[in-house]
Amino acid sequence: MNWFQKEISLKPRGRGFHLVTDEILGQIPEIKKIKTGLMHILIKHTSASITLNENCDPDVRSDMEKYFNRTVKENEPWYDHNSEGADDMPAHIKSTLIGSFLTIPITNGKLNLGTWQGIYLCEHRNHAGIRSVVVTFFGDESV
Amino acid sequence: MNWFQKEISLKPRGRGFHLVTDEILGQIPEIKKIKTGLMHILIKHTSASITLNENCDPDVRSDMEKYFNRTVKENEPWYDHNSEGADDMPAHIKSTLIGSFLTIPITNGKLNLGTWQGIYLCEHRNHAGIRSVVVTFFGDESV
Amino acid sequence: MNWFQKEISLKPRGRGFHLVTDEILGQIPEIKKIKTGLMHILIKHTSASITLNENCDPDVRSDMEKYFNRTVKENEPWYDHNSEGADDMPAHIKSTLIGSFLTIPITNGKLNLGTWQGIYLCEHRNHAGIRSVVVTFFGDESV
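Chains as they are written, first to last, in our numbering: chain A, 1 to 143; chain B, 1001 to 1143; chain C, 2001 to 2143.
Do not rely on the hints blindly, as some may be mistaken.
Per label pair, the in silico range of CB-to-CB distance [to be verified]:
1. A:Asn108 / C:His2127: 31 to 41 angstroms
2. A:Gly14 / C:Glu2007: 25 to 35 angstroms
3. C:Lys2006 / A:Asp80: 47 to 57 angstroms
4. A:Gly129 / B:Glu1007: 17 to 27 angstroms
Calculated lysine to aspartate or glutamate pairs in the DMTMM-like style (CA-CA distance at most 20 angstroms, straight line) [stated by the list, open to error]:
5. A:Lys66 / B:Glu1074
6. C:Lys2066 / A:Asp140
7. A:Lys35 / B:Glu1084
8. B:Lys1110 / C:Glu2007
9. A:Lys35 / B:Glu1074
10. A:Lys33 / A:Asp140
11. C:Lys2066 / A:Asp22
12. A:Lys66 / B:Glu1084
13. C:Lys2006 / B:Asp1088
14. A:Lys66 / B:Asp1088
15. B:Lys1066 / C:Glu2076
I should point out that these hints are in silico values taken from the structure, not numbers from a laboratory.
Glycine included, each C-beta is placed from N, C-alpha and C at the ideal position.
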């Protein structure tokens, strides 16, 4: 049984949905040592989120951004939490709707995702900095 | 410490929310060997999702399907990702709203769910085939 | 490798979003024994949910409650599942939108959350009792 845990940074990105599978995997080469196991990712923020979705057509990512902006609007007259900017309370709601963590199976040293699945960083603030992510992976060692 | 990992298939179903607890458990009899542990399930698709919800009244499942169809509409004029059918972009959004994976505790060889909880396969396409799921379970061995 | 699993109770609360990080941690002092690992929490109900979000301003929690009440309305004419009260079918939908479980990294005997992150119990019923939660944590032992 092997355990790895690393806090990694994802570079700052504009508001929207971004494919970050390769940026994450590039920072955890030790995953190759796991034969059968799981990778867990937590984003340590409440105004950004992570999800799995389509890894090919960038229109899926921009349609996703449009959907969430229409569903969780800025400047609702009934928001009381307004002190951190018009994009902040919507960012908190999106974070709970989408989620702050993922767990993905590892098989023979690789993430066992579907052909069309990738990891999205969902950035809900207009001007965000680096996003911190804790990656934990564990399982049976490769022979 | 025991690890099991299996890719299993869920039979094709019509669009809607379906209770699949027994179909999954029937394919992983080895779960009985785990005294204290966790089961993780990932659906390897971006147009179907999985969740836990009420396992008794089928009206909950059909009301859920109606809710998500009203909240994530087909044929929105602002969708750019249209090439795979009117049900495709809504399916991607529903998949992120609902989620692609579950982790459930195992206690004495059984899923430790609430009395009223079951696993739903949420099929968002009108005409879908078999859905592939990776099931990973691990924990302390039963004596 | 250490495994702990405990079923704990969260005291009854009114409908709304409630910060429960300390109530959970107070019931699992054994977490200090884990150097590198994960904590998993499952809420064994289909009309309440759990999420991570902002741990400071209570307005975030009340705005969240307002958002979900506006998005998942009571008394929709198309609901068929009405026998358990006007708040019940909305509670099931919120439970799937928000989620029934969390997994959080443990580092040096503590939850490795962001500075502003806390665990919310999201109570969707008007008059709920105690909520049962299964907490499972596991990982490498502290030296």
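Going through the hints against the structure:
no.: 1; hint: A:Asn108 / C:His2127: 31 to 41 angstroms; in the structure: violated, 51 angstroms
no.: 2; hint: A:Gly14 / C:Glu2007: 25 to 35 angstroms; in the structure: violated, 44 angstroms
no.: 3; hint: C:Lys2006 / A:Asp80: 47 to 57 angstroms; in the structure: violated, 36 angstroms
no.: 4; hint: A:Gly129 / B:Glu1007: 17 to 27 angstroms; in the structure: violated, 39 angstroms
no.: 5; hint: A:Lys66 / B:Glu1074; in the structure: holds, 14 angstroms
no.: 6; hint: C:Lys2066 / A:Asp140; in the structure: violated, 45 angstroms
no.: 7; hint: A:Lys35 / B:Glu1084; in the structure: violated, 36 angstroms
no.: 8; hint: B:Lys1110 / C:Glu2007; in the structure: holds, 15 angstroms
no.: 9; hint: A:Lys35 / B:Glu1074; in the structure: violated, 41 angstroms
no.: 10; hint: A:Lys33 / A:Asp140; in the structure: holds, 8 angstroms
no.: 11; hint: C:Lys2066 / A:Asp22; in the structure: violated, 38 angstroms
no.: 12; hint: A:Lys66 / B:Glu1084; in the structure: holds, 19 angstroms
no.: 13; hint: C:Lys2006 / B:Asp1088; in the structure: violated, 41 angstroms
no.: 14; hint: A:Lys66 / B:Asp1088; in the structure: holds, 16 angstroms
no.: 15; hint: B:Lys1066 / C:Glu2076; in the structure: holds, 11 angstroms
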